[in-house]
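Peer 1: If you want the building blocks of each chain, they are given just below.
Protein chains: 2
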Amino acid sequence: MPKYVYRFSEGDKDQKDLLGGKGANLAEMTRLGLPVPPGFTITTDACRAYLADGAVPDELAVQVTTALREVEEELGRELGAPEDPLLVSVRSGAKFSMPGMMETVLNIGLNDSSVEGLAEVSGDARFAWDSYRRLIQMFGKTVLDIDGGHFSGALDAKKASRGVALDYELDVDALTELVEEYKAIVREQAGIDFPQDPRGQLDMATEAVFRSWNTERAHIYRRREKIPHDLGTAVNVCTMVFGNMGQTSGTGVCFTRDPSTGRSGVYGDYLVNAQGEDVVAGIRNTLSLADLESLDPESYKDLRAAMRKLETHYRDLCDIEFTIERGKLWLLQTRVGKRTAAAAFRVATQLVDERLITTDEALTRVTGDQLTQLMFPQFSTTGERDLLTKAMPASPGAAVGFIAFDNAEAIARAEAGESVILVRRETNPDDLPGMVAASGVLTARGGKTSHAAVVARGMGKTCVCGAEALEVDAAAKTVRVAGRDELLTSEDIIAIDGTTGEVFLGSVEVADSPVMTYLRRGLETALDSAGDIDNRELITSVDRLMRHADKVRRLAVRANADTPDDARHAIHRGAEGVGLCRTEHMFLGERKKFVQNLILASTDAEREAALAVLLPLQKDDFAQMMTTMNGKPMTVRLIDPPLHEFLPDLTELSVKVAVDREKGVLDPADESLLAVVRKSHEANPMLGLRGARLLLTMPGLIELQVRAIAEAAVERLRAGGDPRPEIMIPLIGSIRELQIARERAEAVLAEVGAESGYDLSFPIGCMIELPRAAVTSSHVAEEADFFSFGTNDLTQTTWGFSRDDVETSFVGHYIDEAIFGTSPFESIDVDGVGAMVRLGVEGGRSTKPGMKMGVCGEHGGDPDSIAFFHSVGIDYVSCSPFRVPVARLEAGRAAVLAPEPARQ
Amino acid sequence: MPKYVYRFSEGDKDQKDLLGGKGANLAEMTRLGLPVPPGFTITTDACRAYLADGAVPDELAVQVTTALREVEEELGRELGAPEDPLLVSVRSGAKFSMPGMMETVLNIGLNDSSVEGLAEVSGDARFAWDSYRRLIQMFGKTVLDIDGGHFSGALDAKKASRGVALDYELDVDALTELVEEYKAIVREQAGIDFPQDPRGQLDMATEAVFRSWNTERAHIYRRREKIPHDLGTAVNVCTMVFGNMGQTSGTGVCFTRDPSTGRSGVYGDYLVNAQGEDVVAGIRNTLSLADLESLDPESYKDLRAAMRKLETHYRDLCDIEFTIERGKLWLLQTRVGKRTAAAAFRVATQLVDERLITTDEALTRVTGDQLTQLMFPQFSTTGERDLLTKAMPASPGAAVGFIAFDNAEAIARAEAGESVILVRRETNPDDLPGMVAASGVLTARGGKTSHAAVVARGMGKTCVCGAEALEVDAAAKTVRVAGRDELLTSEDIIAIDGTTGEVFLGSVEVADSPVMTYLRRGLETALDSAGDIDNRELITSVDRLMRHADKVRRLAVRANADTPDDARHAIHRGAEGVGLCRTEHMFLGERKKFVQNLILASTDAEREAALAVLLPLQKDDFAQMMTTMNGKPMTVRLIDPPLHEFLPDLTELSVKVAVDREKGVLDPADESLLAVVRKSHEANPMLGLRGARLLLTMPGLIELQVRAIAEAAVERLRAGGDPRPEIMIPLIGSIRELQIARERAEAVLAEVGAESGYDLSFPIGCMIELPRAAVTSSHVAEEADFFSFGTNDLTQTTWGFSRDDVETSFVGHYIDEAIFGTSPFESIDVDGVGAMVRLGVEGGRSTKPGMKMGVCGEHGGDPDSIAFFHSVGIDYVSCSPFRVPVARLEAGRAAVLAPEPARQ
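Keeping their order, the protein sequence lines are chains A and B.
Mapping of the first sequence onto the numbering used here: position 807 corresponds to residue 841, and the numbering continues sequentially without gaps.
Mapping of the second sequence onto the numbering used here: position 652 corresponds to residue 686, and the numbering continues sequentially without gaps.
Since the hints were made in silico from the structure, they are not lab data.
Treat the numbers as computed from the prediction; the structure is a model and nothing was measured.
Cβ atoms here follow ideal geometry from the backbone N, Cα and C, with glycine treated the same way.
Please note that the accuracy of each hint is not assured.
Rough simulated footprint, nothing fancy, chain A against chain B, three-plus residues with beta-carbon under 8 Å [what the hints assert, rightly or not]:
(1) 691 to 704
(2) 721 to 731
(3) 759 to 773
(4) 807 to 817
(5) 825 to 833
(6) 862 to 872
Given these sequences and hints, build the entire structure.
Peer 2: This is the structure in structure tokens:
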């Protein structure tokens, strides 16, 4: 028989999988000898069995009986007995805290008869009937799914009829009447009488907790928080203690340090003569812990002792719920406290200073996501704000500006000194200049991995996407907002919050990020401009942990940088080189036509002319980047343009030509352009003529680019510089492709070397972004000086779906069905794509031990993915310049958490 | 120093890689003590070194000198010496015979001075000058690249001026003049004097052989024959012996059995007083070997003895070139003889009967490709034929019929009893009904893996594709042929040869295939209708080897069958079950609209209505197939429709709507259809909403199909049948997808089982066609009863290119560059895709030892691929019904060639 029920005295804090977070911590406190009311936890196994079978397992009822009788014996009282009844609370408690679920039913065990017993034993009939009233209300709402408005309506009516303003001003008579009215509501709304059987109440509440695991709200919450759907929740059944038994009773919440700012020193709220829900409801003003000290020094002393014991035991900031019942302290819950990103950094270094944890451990107490939050300016939370809609928070930060509908508008207004938000239905590579010029980006379509989201995150630009309430008419330059009358135009200012997804009408005040100042300008400057002590301590903490991360990490961090600007940003943020320079990105915007000419060239002469135009442009870009990256490696990926991104859209052009022909105004140039577009149209451009395939089939393409790199390097060498380019061939499927490309590249390097008199034998490697390259990596390595894993494409081909197509069609559904924990484009799919990376690393190193391995996909900046890359022995990750500090921190954490990665 | 030169006495027949086929066999004959003129072979290593460096390696010249001096010493003569000169021939000899290369220069060593010596020593001045004339002619053409027309023109002029008709009627004077004229041609055309230095002639000829490896013709030949481009050729230098030294001399070719029909008994041609080139030129009528016996019984006896020795030694039909010089027999070349497909089968069984080989070995002497050839009717080769063009032979056979331009025409005329050839620019799934109705298919676009080619091969329908000389105007119903005046119409008859790629105007006589009769109707019927003894012996041989293949093979052979008709064909050809029934193929043609309704459904009600229409159709199809497949497994793949194949084309529809709008005749239905098409349009449909993804996101789709299968099975069970369906989920990436699909399928099986009272727990498995499924196969196996590898999709995702896109854009180039040996869609890419299959098999069996593994991609019918599947422990292959016999034969061959596959 599976063990479904654990007494609090049986478990410990490491059993969160089985007992949930709350249950495990109750057990731990019990084990520590702290004053926890007796009770037991029903396991997540029981919940999963219930969810699988649609029924509570038989064994559970039996085990609950046993545990309940033990508690009853210990206390000498019986659940819901007419005299001196034992009452219990039932609380949900999953492994991870989940606001989406049903949480609590208090006072279980009260019924028409035991309420009298409670009145008698407590000597407080008002308290007893108020407790019964609360039970029916909570039970009705959370177990029987009755709209809470019915109960609060009756309560308000009662207060009105009695001429009182506050709940606790209602007397026994009023409460007795209210109980009858509540029971009538239950009968009417749920079609049953309020259950009088105490055990029945307990069982129904337990089942309701189980059921609440699968509510839509819970699903949505888990999806957002990346919590697996198959964990299930535990249920905690705990003897009731009462903070509302008069002036010597009360209830509170406290923290061992300030979870908001991270200041040291205890922190908490206390409410006299109240139950927990009163604190949450915020009906009365709470007192501080200092007030408790003067009210009840004994309980205060006990609480401080418990706080110290818990912080020492958990070695972290603890969050504690407590109740004082007639002068006796009870601890109802504790956990390692949630905290803001700033508090996380400050508390971590404080604990180091107090010798409670090591600096290594401190590093594990902060995350890259927290650092990201600190890097963005944020809206100050004071003042009026007019919320237009809430959508997907795609790239954090806070941005305010006029609406701009296209590149031209965004650039012109930005140049005129205005701040603008680029608002588009969706974005594509053409919108890049507008995105660069804008303070933030807002789209009406697309998810977290849409073009807008990915590019904005790469640039560290605030972005909200998928705001479906917006109807963007770029031609008319208007935005209509669902449910509102006004039509927004370029004259309207909006504010977008990339951390919450909120979109406001009008300006909202923005506070600068001291951490960003630190990351960009260094410690001294940041401290000088920090303003208050909180910011100064925060900066110092971040600096200490960043320095420690840099010291312990084994993974090097490079940046993806396509332009000299990118390269400069990367260096400022601590990048140790460029891991990916996408040459085709040098040709977006106004240079796009040069690449188009190359694609459209139909004769050798045309093609050579197109190449000749590109050479000096590329050489200059490379030379500038090499200047910035002096002495540091700079991996240049030879051009990999998806043809269709550089050509007009087939459907649009076909329509134009057909309509123009119909109208008799057909431009012959359009017609011949259409012929070319049709010829080079691919049914599946992701699987078409790209990467190495294009390089090998289009004569001169490799030579042009390698020459540009080589000549730029010579220019730098002549100027006394130390250029370290590494040449990377994209989309290799077979060693032969690399071999041919390598031969051609080496020939050019040798040629330019001979012309200049310099040794230009730069490393030549390839991307591993096709399953075939991964699975044949031991061969491919024979021709490669290094590998760089392109995990975006590798994800597409390993799963066989394209990012463009899946986001809208089924990824959401798949996350709901727990097929993905999260989109594999966001965080690396360890079992599948990760296995490919592992095969690639192992194969490569079996041929060349110690061969350099990098990662240059989006995943290079993702915290979970970085830990994985560390674990398989990758040498460096490359990510957008903005994410370099995050990658440095996460690489440090990975080194501490798994010090010895697999190496061969 | 690498050894670049081998005397004939140094090598043996197993050194073909190094010495080429010809050189290895010359060495072998030398080793056997047969009369081979002394000589030596320059290795393929030397050729590769030459090709890599663009220059003959230094060491080669030295080693040639040594070998040549040894030959000179042995014979007591010197190359090109003025008196009694040694003459040699230089012949190319690659590992595989390659008509695309330069082949032979004879009489090297002759010059203005040694020609006199030869005249003297031979006592035949005419012979000497004729030999010199031949040298200059061959050398000029093959070494100096002079157009042969110059020489033959001068020869013809000389004959005319002397009033003679035949070459050998020219006297010494005429030949002496001709030599001067030839030398003038060389001077004029090549810009050099004909080289007088004998060793210089030898070196130039050697280099010319090396160079000829890379001619375009050679490239094309290798590409067609799947010969790697990096092998290089060897060069054989052999002392000249002369068949043209009078009536006791001659030259001939013989075979130890008839290579054309396979009849037993020697076979050959002999020409008195002639050199090899005269035989080839066909100037004079040749004699038979029987004539030689009477002319020169001694030499004949020697020859028969050599033939017997060689056949016994090679244990196979040998092809021998010989020369008799003044009554002395010399063997110049031997090899295992090429033979027709029919001869291959007959010779193999003859050798078994003669106890020269075992039946196992006999099986290795025939191939699936040969069987394929025998299965098709062929054009009889007699009679006039008017060749229109020659294109890609895509699916073998011979078909004659009227031109039909579309489905309607093809079907109508076929129903009216006419034979038609469907002629299209290219085909798509819409053309299927027309392809079914037609006798053959001809397209102007597309390669061997285009839609037309793949489908035609699947149906065993004759197909020629990529006939770029044809300009097909389907609207006007005309075909224009490049270089011809007449415009073909539906009233023209054409004939297409799927084995040669030839397209003829007018009817050509077709001969039936006795082997096909055997495969379809069995041995007795085939023998009864066979006609002559050759056909009867052929049928018997095929039957013996097929039966032996069935006995020894471990791989089971199933068929891909989408309709009851397919299933019947499959059974007749020996299929042991259906390995792939593609349910979506049940909905092509006029049923297509039902699937379209399903895709277009926007409400639950519409979708359910669409599903309800499909259910009875599917059930009937399944029931019919189960009747045919009674007692045999039948794997049904749940629907996997590429959405775009069932919807109108976005571009075409957009153009229509725009133009109609412009004209003011817009149909609102078109407009709303366009909205749906636009919404479901995918940038990369191959990587879009397909397979398991569609099944899991579209409610009811799994249930419908499983219910159709289950109800069909119940119908069969009630009728006393033995239905054995296996349910297969397509395009699985993760175990979770399979788990969910499986649960839903099992629920329906249980439901129909309960309704009917039958146990319907049919096996449920999945396709492994994504790299992720292969790499996580040990997990996936937990939910799968079997795996079936979909090697088409697995090839697309492993390589990251789509069949639709690559055929035209770079596969040809990649084959030229030796990146592929052959298109990976034709024959499985063992290193890459094969590695995925291996991972899949190993992973699956690590979880479930002995788990059933099948293959159901196109590769299931490809000979090379079958051998690979056998070697990795696959249990069955599934291919088109037509290819089932081929697969059976190849599976038998694989079992003999690699008896113990890797098993776990």
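Peer 1: Each hint should be assessed against the structure and marked as holding or not.
Peer 2: The hints, checked one at a time:
1. 691 to 704: The restraint on the segment 691 to 704 of chain B holds, since 4 of its residues have a Cβ under 8 Å from chain A and three suffice.
2. 721 to 731: holds (count 6)
3. 759 to 773: Holds, because 5 residues of the segment 759 to 773 of chain B bring their Cβ atoms closer than 8 Å to Cβ atoms of chain A.
4. 807 to 817: Coverage by chain A holds here, the residue count being 3 at a Cβ distance below 8 Å.
5. 825 to 833: holds (count 5)
6. 862 to 872: holds (count 6)
Violated hints for the displayed structure: none, as all numbered hints are satisfied.
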